[in-house]
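Undergrad: Using the sequences provided together with the hints, build the complete structure.
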Amino acid sequence: MNVTATLIGQMIVFSILVWFVKSVLWEPMLKVLEDRKGRIADGLAAAEKGKHEEELARKHALDELKKAKAEAAEIVAQGQKRAAEIVDEAKNAAIEEAGRVKVAAQADIEQEVSRARETLRTQVSALAVAGAEKILGKEIDAKAHAKALDELAAQI
Amino acid sequence: MSESNAPAISSPVEYIQHHLTNWSVGVEHGEQVKIVDFSVFHVDVFLFSVLLAGLLAFFAWKIGKNLNPDKPTGAQNVAETIVEFVNQQVKDIFPNADGLIGPLAITIFMWVLLMNSMDFLPVDLLPALFGGVASLFGADPHHVYLKVVPTTNLDTTFGLALSVFALIIFYNIKHKGVWGYIKQFLFHPFGPYLMPVNIVMTAIEEVAKPVSLGLRLFGNMFAGELLFLLIALLAFSVWAMPAQIALGTLWAIFHMLVVPLQAFIFMLLTIVYLGLASQSAEDH
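Protein chains in written order, with the working numbering: chain L, 8 to 163; chain H, 15 to 298.
Bear in mind the hints are in silico, worked out from the structure with no lab data behind them. Because the structure is a prediction, the values reported are computed rather than measured. Glycine included, each C-beta is placed from N, C-alpha and C at the ideal position. Check before you lean on any hint, since a few could be wrong.
What the hints assert, rightly or not - Calculated lysine-lysine pairs in the DSSO-like style (CA-CA distance at most 30 angstroms, straight line):
(1) L:K98 <-> L:K88
(2) L:K29 <-> H:K79
(3) L:K38 <-> H:K48
(4) H:K76 <-> L:K29
As the list claims (entries may be wrong) - The calculated label-pair distances, taken between Cβ atoms and stated as ranges, are:
(5) L:E71 <-> H:T87: 45 to 51 angstroms
(6) H:P274 <-> L:H59: 45 to 51 angstroms
(7) L:I15 <-> H:P26: 30 to 36 angstroms
(8) L:I15 <-> H:A153: 43 to 49 angstroms
(9) H:I187 <-> L:D49: 40 to 46 angstroms
(10) H:E98 <-> L:E71: 44 to 50 angstroms
(11) L:P35 <-> H:Q102: 14 to 20 angstroms
(12) L:H59 <-> H:T87: 30 to 36 angstroms
(13) L:E60 <-> H:L114: 42 to 48 angstroms
(14) L:D49 <-> H:I196: 23 to 29 angstroms
TA: Rendered as structure tokens:
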């Protein structure tokens, strides 16, 4: 329990130790810690920014998607409209065609009827002559009764 | 401990005195050292404090050399924790500290912690070993002294306290100027009309700083050491051994609190005193 020359030694050791710790550990380590703090802050800021950008991108993507959907719906609607039009056109064309075919068929039928009538007309006189010949038992001169035969044929 | 049992049993006073005597040069065996005697040098105190300072310096150098900024490992993590802890203390107490305060504080903390921790070694381990080695060279082991805890010695604690005191004066003069520092003695705390009282009061206040720093650490560590010695004395009988073990364990556990606490208090008060010294006169 006394103060001796060791005191001076301890003070010198202490001073050297302080200087040594300061230069080899304290200052380099504080620098490292400071740098790391800065880097962490930068990293966090970058992450925040990235998050914000991601948010923006997501919103943008959502907008795009909505727009695309609207466009698609419009295209589908147009397509449906066009399809209906085509169907209508086809139907009209078919009706028209059908009408035309019917008209042609009726014309044909009339033609056939008149032709048949014509044929019948030509043959009726011969049939009448042949019938009369059988009834009378003698030949009849068709030319002499041409007028009566023609009248008969005209009745058909 | 068994090597020292015999003297402990036969003469407890001699056992304790033997343990409380330094390995010194400049003093004859049995001679009482005066309270202040600069012709004496305590070899053990200096040896252990320098060894621990060397250990501290080695680790500081080793860690400082291998600093990895992004992937701190093992020792660096520990060092970073301590550095940040001390730095936080400095920032809290002494906001505009210059570059010296931090290293000063961490050096005080770690060095005092290491020196105090020598208390955890069994009280007889190193002295008995040293005595045994010395007796091989023909010395009388009873006249071979070794105190292993440097902070149980006033030289160490006052070495630190006076270094801090020198810095207190330095920082006072740096921030207040010589005249400002003198003015503090003249006009503080009672104003210009009680100048003589002021001088005495401020002088006591200033001197009390290093004295309390040095004595507090010394007192705590010396008392702790003494108690370990008294507990070691219980080895007088096999029947007292359980008590010795129980008390020794208890005291060691309690001492684990005291050792870092005293180191921390020394560091904290150093920062506080230097922070006070750096306030300009207007702050008072």
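Undergrad: So, for every hint listed, does it hold in this structure?
TA: Taking the hints in turn, this is what the structure says about them:
{"no.": "1", "hint": "L:K98 <-> L:K88", "result": "holds (15 angstroms)"}
{"no.": "2", "hint": "L:K29 <-> H:K79", "result": "holds (13 angstroms)"}
{"no.": "3", "hint": "L:K38 <-> H:K48", "result": "violated (48 angstroms)"}
{"no.": "4", "hint": "H:K76 <-> L:K29", "result": "holds (14 angstroms)"}
{"no.": "5", "hint": "L:E71 <-> H:T87: 45 to 51 angstroms", "result": "holds (48 angstroms)"}
{"no.": "6", "hint": "H:P274 <-> L:H59: 45 to 51 angstroms", "result": "holds (46 angstroms)"}
{"no.": "7", "hint": "L:I15 <-> H:P26: 30 to 36 angstroms", "result": "holds (35 angstroms)"}
{"no.": "8", "hint": "L:I15 <-> H:A153: 43 to 49 angstroms", "result": "violated (28 angstroms)"}
{"no.": "9", "hint": "H:I187 <-> L:D49: 40 to 46 angstroms", "result": "holds (42 angstroms)"}
{"no.": "10", "hint": "H:E98 <-> L:E71: 44 to 50 angstroms", "result": "holds (49 angstroms)"}
{"no.": "11", "hint": "L:P35 <-> H:Q102: 14 to 20 angstroms", "result": "holds (18 angstroms)"}
{"no.": "12", "hint": "L:H59 <-> H:T87: 30 to 36 angstroms", "result": "holds (35 angstroms)"}
{"no.": "13", "hint": "L:E60 <-> H:L114: 42 to 48 angstroms", "result": "holds (46 angstroms)"}
{"no.": "14", "hint": "L:D49 <-> H:I196: 23 to 29 angstroms", "result": "violated (50 angstroms)"}
In this structure, the hints that do not hold are numbers 3, 8 and 14, in rising order.
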